[in-house]
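Engineer: Residue-level listing of the chains:
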Amino acid sequence: MPNKNGSVYGLTILSPIINDDKATPSHDLQIRDYLAKLSTREDSPFAVAPGTHLARLVVLDDVIYVGMPACEEHLKSKYLIFESNCDGDLDGYLHGLADAIADHLDAIWKHCVGYPGAANRQAFVDYMKACQLNTTFYFAAVNDKSVEDTLRALQTQTAVADFIATHQGNDPATLQREFIQFATELRARPIPRPGSMGSLRDIKTGGHNE
Amino acid sequence: MSNINGKVYAMNAITPMKPWKTWIVRGILFLLGHFKSLRQDVVDLSFIEFARWVVLPRRGFPFLGNGQERENLQYDYLLFFSNFNGTWNQYIDAFSAVLSKGLNLIWRWSEKFPGSVPVTNFKQYIALLQFDTDYYYSAYPNAAANDIESAHIVQSSLDQLAAMAERSSPQQFADAYLRFVLEVQCHLGATGDAPVAG
Chain A
1 MPNKNGSVYG LTILSPIIND DKATPSHDLQ IRDYLAKLST REDSPFAVAP GTHLARLVVL
61 DDVIYVGMPA CEEHLKSKYL IFESNCDGDL DGYLHGLADA IADHLDAIWK HCVGYPGAAN
121 RQAFVDYMKA CQLNTTFYFA AVNDKSVEDT LRALQTQTAV ADFIATHQGN DPATLQREFI
181 QFATELRARP IPRPGSMGSL RDIKTGGHNE
Chain B
1001 MSNINGKVYA MNAITPMKPW KTWIVRGILF LLGHFKSLRQ DVVDLSFIEF ARWVVLPRRG
1061 FPFLGNGQER ENLQYDYLLF FSNFNGTWNQ YIDAFSAVLS KGLNLIWRWS EKFPGSVPVT
1121 NFKQYIALLQ FDTDYYYSAY PNAAANDIES AHIVQSSLDQ LAAMAERSSP QQFADAYLRF
1181 VLEVQCHLGA TGDAPVAG
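Top line first, the protein sequences correspond to chains A and B.
For the first sequence, counting from 1, position 60 maps to 60 in this note's numbering; every step adds exactly one.
Take the position in the second sequence, starting the count at 1, then add 1000; the result is the number in this note's numbering.
Here chain B stands alone, though its shape is the one from the complex (with noise of 0.2 Å):
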């Protein structure tokens, strides 16, 4: 078993909900899904690689037959996957912090949910909802979330000068070379090892 895989940390978490109030999440998820500005936190937070949130309802257990039993449930089930950079406690006070009301209102539909904020009692049921990963796997383990932003800049600015460094002369070469450092001197840097936290 492991949660992590360099540097990227796999939560999972799964939370009951009473039937009805399933639309409603299904209603925020959707008005999230279709209005940037109302996900714009979790992109300055930068440090969620991919994220998902799947309704389950109750009677949407998938049911192959074969001698399985059906499932008989009272509530639907809202399923959180997070790939995430950084602690588990990093993870969570950076989410109570900035995205406390945005997190209320998902998760505020879901039984027994104490609010975000304090931090401490979100903290222990997260900690009694989330169920640990077997396997975990990245194609890039050791970059996180802004190293893989920042390569692609930096990659889309190469391509451009390369694109006229034959066709210039010397000088006006150096001059696109420079802007070219000054474009890329924040984004650059080496991938590795996640530092320790105490």
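Just chain A, with the same shape it has in the complex (with noise of 0.2 Å):
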């Protein structure tokens, strides 16, 4: 299935955003402007909800005119796009967005035509999946790692290689006796936490050169 490349899903959903002439600012905008002050890191509601290695939240304003001779036309609604990159089958993943972040979900989704709240789970889930694109081709570089295998992984990458840079030269007896006590410590290490693992940087714009 296009959606899924080993344990990985690929979901994208599509929602119409609500079109009122009457509302200021307009429904978009509100999304906008509650998605710049979202946290990215440890406290993003991805990293508390389980499941998610990546994820954009995207306002679609219209589709994009090429220029003459191609037809130019235009969308009657704008659109919430959610990409995901995520763990496990779709109704776990959904379940678990509206368990752990129904407030952050409400306060985007509610914008959109047709949202009816997190709080009714079977609701929420089958308004997700009347918005989801299905994935014609899907890519992963890792596709059989869980966002907890990964974080384990990276964490044990930093405490492995100061482990062998302070270990240079010891007897076997030594290094076979710290390498267990090594080896016991990092298993009993708390997985670091999804989004935690970076330095604070000011918000990029993505100009062609950053």
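What the hints contain is simulated information worked out from the structure, not anything from laboratory work.
Among the clues, some could well be false.
To be verified - Derived, one-sided and incomplete: chain A residues facing chain B with beta-carbon distance under 8 Å: (1) 2; (2) 6; (3) 10; (4) 12; (5) 14; (6) 35; (7) 38; (8) 50; (9) 60; (10) 92; (11) 154; (12) 158.
From the three backbone atoms N, C-alpha and C, an ideal C-beta is built for every residue, glycine too.
Join the two chains into one complex using the hints; note that each chain is given alone, in its own frame.
Structural biologist: Listed below in structure tokens is the structure:
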């Protein structure tokens, strides 16, 4: 199935945004305003809810006119795009979102047509599925590891580099004893929180050389 | 708005296609999905964490009633979402240099696609079709695709060494440890901020 690559699911959702002339600011701007203030680090909603590797939310204002001789056409609605690369099956992922971050989901999707709210789990899942687009081709560089697997592995990678650097030239008995202790401690170490393994940086606009 | 989170860049692009051409694109992407050799160049480039193409038929835009007007479009649309490491310029340059045949095969069916070589026209086309990301999250923002792949290799090798560490003699362990170091030495290194491109 093109939505899946190995154990990773490529979710694409396109939700029509309410088009209300009387709303000030307009619903699409209210979504953008909310998203602009949302954390992208360990207190991000997607870090709190389980199973998201990478995700984006994008307001699609219109389709793009590429110039003559192509026809110029426009959308009648703006759309909220939710693109997520997540673990497991779709139902489990959507239920996980609704359980963990219902307030954020409601604050964002309440500006979309027909959104029933996350409190009604089944209606929420049905709504998301009604807005889902099937992926035609999905590529995942690593497709058999969960978010936790990757966070643990990245922690291990750094710890192993430190261990090797500090244990050069040890005699075999010392090396074995200290390695066993190191491996035991590393196993017991808590997995880093999703979104936490990065230093704070100013928001980047994504200019062509950034 | 931010297209970047740590070492990852979120690209969104949308291109119009005449509906009859959509089926050709679907066929090409089907083959790409089913024959590993056809996507080997993408794997070898190793700076894409996740990417997808979505063919969106002109009558396939979600319609939910409740006062929403139904779309009335002439074109089908090809949506492209990519999560890549490096800068926009590096990404498009690499695509143009390494994947030009593959890109042409997929995008030549889109209206006014100029071809991926020469790169100047290709960049202008992508810049026209790209729309910005409003919110971008990564569970591991400071790790590039290569870091992730390497980290899993280190984890797997460490697990194997740990499994035998307690039931081997010190000398047997020292030999296994040496093999382990040789195995993982190319996969170590710290994650962190991406270098600043000039």
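Engineer: Compare the structure with each hint and give your call.
Structural biologist: Hints, one by one, checked against the model:
1. 2: Holds, about 6 Å.
2. 6: Status violated, d = 11 Å.
3. 10: For residue 10 of chain A, the interface hint holds, since the closest Cβ of chain B sits about 5 Å away, which is under 8 Å.
4. 12: 6 Å, holds
5. 14: 5 Å, holds
6. 35: 4 Å, holds
7. 38: 6 Å, holds
8. 50: Residue 50 of chain A check fails; min Cβ-Cβ to chain B is 10 Å, beyond 8 Å.
9. 60: 6 Å, holds
10. 92: Check failed: Cβ of residue 92 of chain A comes no nearer than 17 Å to chain B, outside 8 Å.
11. 154: 5 Å, holds
12. 158: 6 Å, holds
Violation of the numbered hints given earlier is confined to hints 2, 8, 10; the remaining hints are satisfied by the structure.
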